[in-house]
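Trainee: Spelled out from the first residue to the last, the chains are:
There are 2 protein chains.
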Amino acid sequence: MALPLHPDLPPDLACLKNIDALLQCPICFDFLDISMMTKCSHNFCSLCIRKFLSYKLQCPICNMQMTEQDLRNNRLLDELVVNFKAVRQQLSKANFDSPPISPRT
Amino acid sequence: MALPLHPDLPPDLACLKNIDALLQCPICFDFLDISMMTKCSHNFCSLCIRKFLSYKLQCPICNMQMTEQDLRNNRLLDELVVNFKAVRQQLSKANFDSPPISPRT
Ligand SMILES: [Zn+2]
Ligand SMILES: [Zn+2]
Ligand SMILES: [Zn+2]
Ligand SMILES: [Zn+2]
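As you go down the protein sequences, you meet chains A and B in turn.
Take the first sequence: its position 61, counted from the start at 1, is 292 in my numbering, and no numbers get skipped.
Take the second sequence: its position 86, counted from the start at 1, is 317 in my numbering, and no numbers get skipped.
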């Protein structure tokens, strides 16, 4: 959960790391891709959780019994991922733009 | 949806406004407080949606028929709200700290 999976975040934007971690899928550790929420309120990529459920009919986090029919799209997370990626990029860009660059001419 | 409800965000952090808007409850327009998700994937504060459902058994956004039993806690949103508020505060603070301050002595 506390893995440095997206180490390109500038050090002074460390405060964004929690949001970064929260928007990661606990199965593939990448940003949630088509988020699905279980009855027990845990979130996974659609493909990741469906693949898992084909082996075992329980939540990978809390082991609650469940089926694919219990999954519910968590669309707001998908929108948050898109916008958070944009914020990251914009803030990182602002950071890289700050230091003076020596001219190449 | 595009209302300037939290106008204290510095202008150069405008990229955070989308996230700001996404984490607002469509009923009270404040940050989501104990987020509940409907079957149709819409999110509201627990109190806001329960009050609404006591009048009308449908989703306030898309009018899909529903009952209180269909609500599901969306805990990740609660964690995102907490962390997003911290990020906002930290980035705003960094902003206010930047300009030179004339000494009072
Ligand atoms: Zn995944
Ligand atoms: Zn679970
Ligand atoms: Zn509300
Ligand atoms: Zn709805």
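Take these hints with a grain of salt, some might be off.
Identical chains share a label here; the pair holds if one copy fits it or two copies do between them.
[What the hints assert, rightly or not] With a straight-line cut-off of 25 Å between C-alpha atoms, the simulated BS3-like cross-links for lysine-lysine are: (1) Lys248 / Lys316; (2) Lys248 / Lys324; (3) Lys282 / Lys324; (4) Lys287 / Lys248; (5) Lys282 / Lys270.
Hints were generated in silico from the structure; no laboratory data involved.
Trainee: Which hint numbers does the structure go against, in order from smallest to largest?
Mentor: The structure conflicts with hints 3, 4, although it agrees with all the remaining ones.
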